[in-house]
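**Q** Using the sequences provided together with the hints, build the complete structure.
Residues per chain are reported as follows:
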Amino acid sequence: MTDQAVEREVGRARLRKEDARLVTGQTTWTDNITVTGLLHLAILRSPMAHARIERIDVSPALERPGVVAAFSGRDLADGLGSLPCAWPVTEDMVLPDHPPIAVDEVRHAGDPVAVVVARDRYAAADALEAIEVDYEPLPPVLDLEAALAEDAPLVHADKGTNRAYVWPLRAGEDYEAVRQRADVVLKRRYEQQRLIPNAMEPRAVVVTPLAASGEYTVYSATQIPHILRIMLSVVTGVPEHKLRVVAPDVGGGFGSKLQVYGEEAVAVAVARKLGRPVKWTESRSEGYLATHHGRGMIQDVEIAATREGRLLGLKVDLLADMGAYLMLVTPGVPILGAFMYPAIYKMDSYDFTCTGVFTTKTPTDAYRGAGRPEATYAIERAMDELAAEVGLDPVEVRRRNWIRHEEFPYTSIAGLTYDSGNYEAATDKALALFGYDDLRAEQAKRNERGDTVRLGIGISTYTEMCGLAPSRVLRDLRYSAGGWEAASIRMLPTGKVEVVTGTSPHGQGHVTCWSQIAADVLGVPFEDVEVVHGDTKVAPQGMDTYGSRSLVVGGAAVHRAAEKVVDKARKVAAHPLEASEDDLEFKGGVFSVKGSPEARKTIQEVAFETFTSHDVPDGMEPTLNAEHVLDPENFSYPHGTHLCAVEVDTETGQTRIRSYVCVDDVGRVINPMIVEGQVHGGLAQGIAQALYEEAVYDTEGNLVSGTMADYLVPSAADLPEFVTDRTETPAVSNPLGVKGVGEAGTIASTPAVVNAIVDALRPLGVHDVRMPCTPERVWEAVRSAQKEGSA
Amino acid sequence: MTHISVTVDGTTYEDEVEPRLLLVHYLRDRLGLTGTPIGCDTSNCGAGTVELDGTSVKSCTVLAVQADGGEVTTVQGLARDGEWTPLQRSFHEHHALQCGYCTPGMIMAARDLLRENPHPTAEEVRKALEGNLCRCTGYQNIVRAVLAAAQESAAPAARAASAREVTA
Amino acid sequence: MIPPAFDYARPTDLDEAVRTLADAGEDAKVLAGGQSLLPLLRLRLAFPELVVDVGRIPGLRGVREEGDTLVIGALTTHHDVIHDPLVRRHAGLLAQATETVADPAVRHRGTLGGSLAHADPAGDLPAVALALDAELVAVGPGGRRTIPARDFFADYLQSTLAPNELLVEVRLPKREGWGFRYEKFHRVAQSWAMVGVAALVRRENGHIAEARIGLTNMGATPLRASAAEEALVGAGGADAVARAAQSAAEGTRPSRDASASPEYRAHLARVLTKRAVLAATGTG
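Protein chains in written order, with numbering that gives the first Met the number 0: chain D, 0 to 790; chain B, 0 to 167; chain R, 0 to 283.
Keep in mind that the hints were calculated from the coordinates and are not lab data.
Cβ coordinates follow ideal geometry from the N, Cα and C atoms, glycine included.
Just to be clear, a hint being listed does not mean it is correct.
Unchecked claim - If you want the footprint, here are the derived chain B segments under chain D, 3+ residues with CB under 8 angstroms:
| no. | region |
| --- | --- |
| 1 | 9-18 |
| 2 | 53-61 |
| 3 | 71-78 |
| 4 | 117-125 |
| 5 | 133-139 |
Unchecked claim - Just the calculated beta-carbon pair ranges, DEER-fashion:
| no. | chain 1 | residue 1 | chain 2 | residue 2 | range |
| --- | --- | --- | --- | --- | --- |
| 6 | D | Asp450 | R | Pro57 | 52 to 58 angstroms |
| 7 | B | Arg79 | D | Glu526 | 23 to 29 angstroms |
| 8 | D | Asp316 | R | Ala153 | 50 to 56 angstroms |
| 9 | D | Ala156 | R | Phe46 | 56 to 62 angstroms |
| 10 | D | Asp450 | R | Ala153 | 49 to 55 angstroms |
| 11 | R | Gly66 | D | Asp119 | 40 to 46 angstroms |
| 12 | R | Asp26 | D | Pro59 | 54 to 60 angstroms |
| 13 | R | Gly235 | D | Gly434 | 52 to 58 angstroms |
| 14 | D | Asp316 | R | Glu48 | 53 to 59 angstroms |
| 15 | R | Thr11 | D | Leu37 | 34 to 40 angstroms |
**A** Here you go:
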């Protein structure tokens with residue numbers, strides 16, 4: 000073959016293009032950005048969970064050295080609208096006003112009340128102490144059930160209720176009827192504690208105004224530059240075309256930067272008022288109050304089953320903590336989960352209701368997995384309870400209920416059409432890697448001996464809906480945007496390639512993966528591809544990065560756009576070769592005439608000929624540029640089986656993970672190294688929910704776990720080595736066959752760990768441990784089970 | 000204001016600083032050396048780990064005046080003539096970073112470990128990195144990268160033979 | 000976050016340091032390694048007018064022997080304590096406990112004297128100082144005085160050092176032939192001890208002849224588990240140790256916070272005492 004040597008890129012563990020800047024410290028985190036005349040913002044926040052602002056005087060701050068200006072919420076109210084909620088999940092959803100900076104009332108500890116503008120960050124921080132605020136305390140609203148009581152104090156008095164919405168989903172047979180004929184009915188309550196996402200880069204925003212033309216550039220540590228541009232335009236009144244939003248290097252998000260934050264709007268408002276560039280960077284403990292939280296749900300789950308362990312029906316009653324306001328997708332997070340409670344199982348009836356509840360706490364919103372980890376946790380915990388109830392091995396009870404691989408495509412009872420999957424294969428592989436039978440044998444021995452340190456084995460099988468989302472489905476869910484993604488490709492005169500993507504990576508490795516995809520389609524070297532993203536000026540169209548959507552939608556759009564470039568190039572190549580397009584073969588970046596391989600042109604030659612445009616077909620535009628906006632036809636459905644073995648010290652309650660095995664099926668893999676990395680990180684966060692992390696509030700509504708010293712993000716010393724593997728069942732609903740991998744590890748691992756802990760303690764009479772499974776909770780569970788046992 | 004003289008990545012700087020100025024803010028805001036980031040305010044995250052007079056410190060928990068007369072090395076001062084150190088290479092080759100925010104601190108902490116213990120076990124690596132938090136990687140590839148860098152330092156010649164990348 | 004403004008003094012010798020502290024009165028804070036003070040300043044939980052940086056005063060760093068006593072300079076860093084051969088030989092408990100303090104970078108800056116003077120009952124070293132019967136040497140305007148560890152910890156974050164005194168030395172009696180163990184219980188590697196137990200045990204003829212137990216985070220100050228110490232005398236096997244350890248929480252007043260209840264802390268004190276003593280006797 001005379002084809003130029005272009006290796007197939009997709010499927011290779013290409014090292015990342017992103018790394019060079021990051022390992023040498025040549026980064027552009029938002030806080031690194033500085034411009035001449037930059038002023039620094041510091042924000043005064045409410046120390047109370049709920050209070051009326053009786054009086055606020057910012058003028059003493061102006062006396063402090065280096066202070067340029069200071070504003071209360073009222074001072075800025077004229078130029079700022081309410082922060083947006085893009086997901087009014089029901090027609091009658093209660094949507095309270097959400098000023099970017101509080102005006103009359105504060106509704107959670109950390110609600111902003113005033114802003115100081117100073118020459119440097121030290122001066123700004125000092126001046127906050129000079130601002131005088133008188134608060135009239137109002138009762139905090141902290142407990143979800145109490146908040147719904149008739150006479151409960153209200154978070155938003157003008158709304159007359161703390162109930163934000165009630166969202167039902169009923170499918171299949173009537174649940175009551177199914178319940179009647181069930182041999183076994185199990186009712187369980189699970190609690191999803193509040194979590195703090197903890198992206199390692201704190202949030203930051205820099206706004207540079209061009210006063211003469213009314214233009215603003217907003218640099219923000221955001222996952223969503225495109226959505227932010229639209230929403231900031233609405234909130235601040237700066238016309239969309241006068242706003243440029245840049246997401247520079249962004250240090251992680253996990254959903255916490257999928258948001259339109261008050262500070263972003265306030266920074267624009269202050270820059271507009273002063274005509275000066277401004278910067279705001281949150282401190283970690285400030286972020287714990289001001290950056291949205293995740294989870295926060297009470298799940299009442301009931302399953303009806305036969306005595307053989309076959310599921311008949313599932314009823315879920317959910318109370319979801321909205322926090323003080325409805326932010327960008329706050330109300331929708333539990334709704335994403337609504338479709339996932341039935342998981343990989345077949346059943347006759349599904350009855351789901353979610354009630355959104357306001358509390359005087361930091362608003363909740365998307366956190367890695369967003370609704371799906373919660374759903375998976377509840378069903379996977381309940382499946383273990385069912386197994387115990389009917390005396391089956393937890394693996395067996397899943398086998399009896401899951402969708403068999405020959406049944407795909409399968410429409411779940413919640414109405415999702417799972418396009419592909421093979422739960423048997425993933426589970427078999429995981430069991431073998433884990434050494435399941437040996438561990439069970441060891442467990443039996445140790446239980447028999449009555450060891451102080453018990454061995455527990457936890458399983459979690461899961462699927463998730465990724466690749467958000469078909470726009471028409473979003474319409475049906477009342478989400479206010481589409482789910483498409485845009486890509487454009489420019490083949491430059493020298494044959495180099497620029498890929499412009501609407502996704503906005505913050506650690507995922509899109510630059511590397513999109514390069515692999517484009518290089519394969521175009522037949523150019525990986526190194527010849529540059530990927531541009533995260534700046535509305537150079538990547539004007541996009542829906543950004545969240546919900547494991549980037550590859551499935553955005554990567555697929557890159558693929559399609561590259562195909563269009565090849566189609567154009569084929570036309571240009573055919574012309575001088577005097578061949579019809581159909582007679583041209585394209586392989587490894589070379590067009591050749593079928594049957595006469597000496598008549599050939601490389602795509603790079605074609606690119607230059609297109610540039611000179613001396614001999615292109617009549618009527619053809621002289622570019623090798625193409626654009627594709629892809630609206631997915633379906634979600635994608637990764638799945639997998641996770642197994643966890645724990646050692647639980649019943650004397651202290653301490654849990655140690657002994658081994659962790661997962662086999663995930665994320666469809667076709669573009670870069671196995673990156674996929675593995677995503678799984679590792681997901682596992683760490685899911686395990687952290689099971690064992691360590693919780694946003695704890697006291698009875699006054701203060702965040703007790705208010706610093707990184709109190710909120711336990713695990714370190715390398717706290718986590719085990721993971722064994723990860725894959726099965727590969729390609730998705731059929733996108734051209735790449737990919738499914739998405741960003742959330743899989745988080746979704747599956749939490750129930751695997753807790754199932755393992757409960758499994759270890761079940762012989763002692765324990766049926767549940769509330770998350771995080773702290774040593775004290777485990778110890779308490781054992782103790783109370785023993786008391787009950789002896790009573 | 001207090002006068003300080005600090006050598007950072009080979010260059011000596013003389014400055015008047017407020018005594019309360021944190022070393023990390025001195026590096027970032029005064030010297031423009033933004034390669035060292037800030038991830039928390041309680042000395043937990045380790046993102047701002049640098050080397051001060053030969054040992055790792057958290058630059059957010061050291062005052063600039065405490066570094067007076069001292070020698071600071073940041074992640075920006077590691078490469079020589081564009082040649083990365085074994086740890087930098089190893090982090091890249093083992094995909095030990097995703098968003099990369101913790102990476103400067105991780106590399107500096109790992110460097111400190113390998114100076115004291117050139118041949119650590121995986122468990123020793125995990126223990127040595129207990130003061131550095133990462134939210135992306137689950138640490139597995141960080142541990143791999145540090146072990147590989149240790150091995151490489153032990154046998155530089157073996158490097159060429161070691162897998163550049165893994166095709167799965 | 001950002002520390003509040005303060006004045007700064009960097010005395011070059013002990014006399015100057017003491018004079019500076021004496022002149023400043025109550026509003027001065029001593030800065031040694033800064034690993035406890037700087038987080039407090041950054042969270043604006045402390046507002047000193049003057050910070051006296053004693054970090055460069057000569058002669059306060061390092062370990063030496065004086066007969067049967069080990070003398071550790073107050074400015075000796077945790078890192079140096081851990082690696083010091085004299086400490087490892089004569090006060091292994093201190094080296095072992097110090098290895099559990101915070102993380103390597105913090106241990107490079109943090110000092111033994113600073114940790115003790117900070118008097119945090121959740122800190123690991125105060126309980127160890129109690130168990131080891133340390134003596135703390137302070138210098139003030141009136142000269143040197145020696146404070147036994149049992150008289151040093153006054154209350155939560157409060158030592159009996161006067162504002163114008165500086166801790167300069169920690170003196171430990173060498174303990175030959177004692178087994179030791181620091182059992183620290185915490186949820187993640189970085190977090191403070193929920194409870195810690197520092198055990199020193201001397202055995203004769205297979206039985207415990209003497210036991211010294213220091214408790215971390217079981218009250219407003221570090222404590223000795225005196226009842227357990229007494230009960231342990233004469234204990235031979237594991238069962239006897241376990242029985243004696245049942246009294247480990249007697250006389251303690253553990254706090255309730257987000258990480259544990261007093262009841263659970265008391266339980267942990269008993270379990271960890273048993274484990275520490277068994278490990279110290281080499282039978283655990």
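**Q** The structure should be examined with respect to each hint, and the outcome stated for every one.
**A** We went through each hint and held it up to the structure:
no., hint, in the structure
1, 9-18, "violated (count 1)"
2, 53-61, "violated (count 0)"
3, 71-78, "holds (count 5)"
4, 117-125, "holds (count 3)"
5, 133-139, "holds (count 7)"
6, D:Asp450 to R:Pro57: 52 to 58 angstroms, "holds, 56 angstroms"
7, B:Arg79 to D:Glu526: 23 to 29 angstroms, "holds, 24 angstroms"
8, D:Asp316 to R:Ala153: 50 to 56 angstroms, "holds, 54 angstroms"
9, D:Ala156 to R:Phe46: 56 to 62 angstroms, "violated, 38 angstroms"
10, D:Asp450 to R:Ala153: 49 to 55 angstroms, "violated, 44 angstroms"
11, R:Gly66 to D:Asp119: 40 to 46 angstroms, "violated, 55 angstroms"
12, R:Asp26 to D:Pro59: 54 to 60 angstroms, "violated, 23 angstroms"
13, R:Gly235 to D:Gly434: 52 to 58 angstroms, "violated, 41 angstroms"
14, D:Asp316 to R:Glu48: 53 to 59 angstroms, "holds, 58 angstroms"
15, R:Thr11 to D:Leu37: 34 to 40 angstroms, "holds, 39 angstroms"
Hints 1, 2, 9, 10, 11, 12 and 13, counting from the list given before, are not met by this structure.
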